[in-house]
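Student: The residues making up each chain are set out below.
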Amino acid sequence: MIATHALTKRFGSLTAVDSVDLDVRPGDIYGFLGANGSGKTTTVRMLLGLVMATSGRIELLGQPIPAAAGRVLDQVGAMVEGPAAYGHLSGRANLALLDASGPRRSRGAPRDRTARITQVLEQVGLAGAGRRPVKAYSLGMRQRLGLAAALLRRPRLLVLDEPTNGLDPQGIREIRDLLLQLHAGGTTIFLSSHLLAEVEQLCTRVGVLDRGRLVVQSELADLQAPTGRTLVRTSDAAAALALLDGRVEHRDGETLLVRGGDPAALNALLVGAGIRVRELGPERRTLEQAVLELTGPSSDRVEG
Amino acid sequence: MIRVELLKLFRRPRTWMTIGLLDALPTVVAILLAVTGVGPRPGQGPAFLSAVLTNGSLFSVAALAIVLPLFLPVAVAVVAGDTVAGEAAAGTLRYLLIRPVGRTRLLVAKLVSVFAFVLTAVVVVSGTGFLVGRALLGNQPLSAVGVTSVSGTTLTADQIAGRTVLAIGYVAFSMLGVAAVALFLSTVTDSALSASMGALAILIGSTLLLTIDASRALQPYLPTRYWLSFIDLFRDPILWHNVLRGVALQGVYVVVLLGAAWANFATKDVTS
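Going line by line, the protein sequences match chains A and B. Mapping of the first sequence onto this note's numbering: residues 1 to 304, in sequence order. Mapping of the second sequence onto this note's numbering: residues 1 to 272, in sequence order.
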């Protein structure tokens, strides 16, 4: 759905995006991770033809960007760096204007248009607020309206930059459910975010951008692979320590980190020795650990 | 897209506020003239003001002359400066472009909406001037008396009507030059205010240079040089020379600046 080859963008002497090869496949929920200033938004803008690449190629739905932007973007819904709308108009009027701005072929019959607007407003939970002027909306409502605009054309591909920004926990949950529902209906989702938890809960594949370079691109499950160690919580920590002499890498109160990736065997061993096990399982890297290992210091940190 | 831009323009309260304010100044002048009966001495003050005391019907042209030097260009610069930069600042520009709206198409639609604003403003100002003038300064039917031209001869009602339409067209076309400057600057900056102020700075600079003898060599090329030449349309016979030069000069400004706006916007990185 999205493929880039050696995509590079320089602003003067600053290389914002450096030879990035993205590969987003149909059916993915792709998490595009990176710290603030790592080049995520610039990449997203290049994908959508807003910013021109210095070098490299972009294919969106199999068509070259920006050359085919006029044909392809119709099937792509996007939210880039927060929502935007005309404050003096209602949410509904904003959606209608945006819809009417596009190519004639994608607009459909007037009745169909109104129905679509009603439908997306319901989907994002703004059915009751469609007639209020946008300047009276809260940040969360604006975010929902931005999402409604992205969904308006029932896109095959959704490109979302920080979609849950400004939403409360319930709102985040709602949007996550909505995205999962859209994904189940066949929509590919490209989600750019610096919120690791959000990506961890939602995505199937991730790419991590660090200071303009794509340092990893893989299945989320691979990044979270077991580390070959087992976490044990026991009330008899001292006894367990004695029994597993030499295999315990770390002890923190009742929690032991034991070398060896077979929790079942370890459990049998402990229970056989009469040690009471409260909790036991393979240690997995969290996405946060994986990302921190792969990336350098925060890129909005400026050393003197 | 053009329909959408026109909708946006005319559904915006600011558009009508601006036109309302444009109407306010000539109306105030008309009231003062009607109450005091004191006109400026011939050759001083805005054009036609002495003439309107004898016939209110001419006030539609006088109203244009009143707003032309400053009020009208300010209004046009504000609206045209806002076209692209205002969308950029509000963040709506990126959503329009990924809708997708082609960049050239967007620029053309913005241009048409600015044209529409200029024309509406000029027509409303002269229309209001006509009504206010007839109501406050006497409404002798034009056909009965005829009107004295700037040259001193008498023009018939038909001649006056035709020449007023020509004057409206000329003033509107002159304002397109302002619009083109502001539209170009609007594609350069993301701040609508900077674009409008930049356009005004150029006009004020041009007006200033026109008063300095040392800049005589430049004067035929300054954008405001022929603005007031629409007065020549009310001479008998019409003095076409400056009017035509004005149209040609504005045409060149409009073509060059719109070309520059297009060249800049079509390949620009939209980072707003």
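Among the hints, erroneous ones may be present.
[Claimed, not checked] Okay, derived cross-link-like pairs now, DMTMM-like style, lysine to aspartate or glutamate, Cα gap no bigger than 20 Å in a straight line:
#1 B:LYS268 with B:ASP190
#2 B:LYS8 with A:ASP99
#3 A:LYS135 with A:ASP74
#4 B:LYS268 with A:GLU283
[To be verified] Some chain A residues near chain B, calculated using beta-carbon distances under 8 Å:
#5 LEU48
#6 VAL51
#7 ALA84
#8 SER90
#9 TYR137
#10 LEU139
#11 LEU220
Honestly, the hints are just simulated from the structure, not real lab data. The beta-carbon is built from N, C-alpha and C at its ideal position, and this holds for glycine as well.
Student: Taking the hints in turn, state whether each one holds.
Tutor: Right, here's what the structure says about each hint:
{"no.": "1", "hint": "B:LYS268 with B:ASP190", "in the structure": "12 Å, holds"}
{"no.": "2", "hint": "B:LYS8 with A:ASP99", "in the structure": "13 Å, holds"}
{"no.": "3", "hint": "A:LYS135 with A:ASP74", "in the structure": "27 Å, violated"}
{"no.": "4", "hint": "B:LYS268 with A:GLU283", "in the structure": "49 Å, violated"}
{"no.": "5", "hint": "LEU48", "in the structure": "5 Å, holds"}
{"no.": "6", "hint": "VAL51", "in the structure": "4 Å, holds"}
{"no.": "7", "hint": "ALA84", "in the structure": "3 Å, holds"}
{"no.": "8", "hint": "SER90", "in the structure": "11 Å, violated"}
{"no.": "9", "hint": "TYR137", "in the structure": "14 Å, violated"}
{"no.": "10", "hint": "LEU139", "in the structure": "13 Å, violated"}
{"no.": "11", "hint": "LEU220", "in the structure": "27 Å, violated"}
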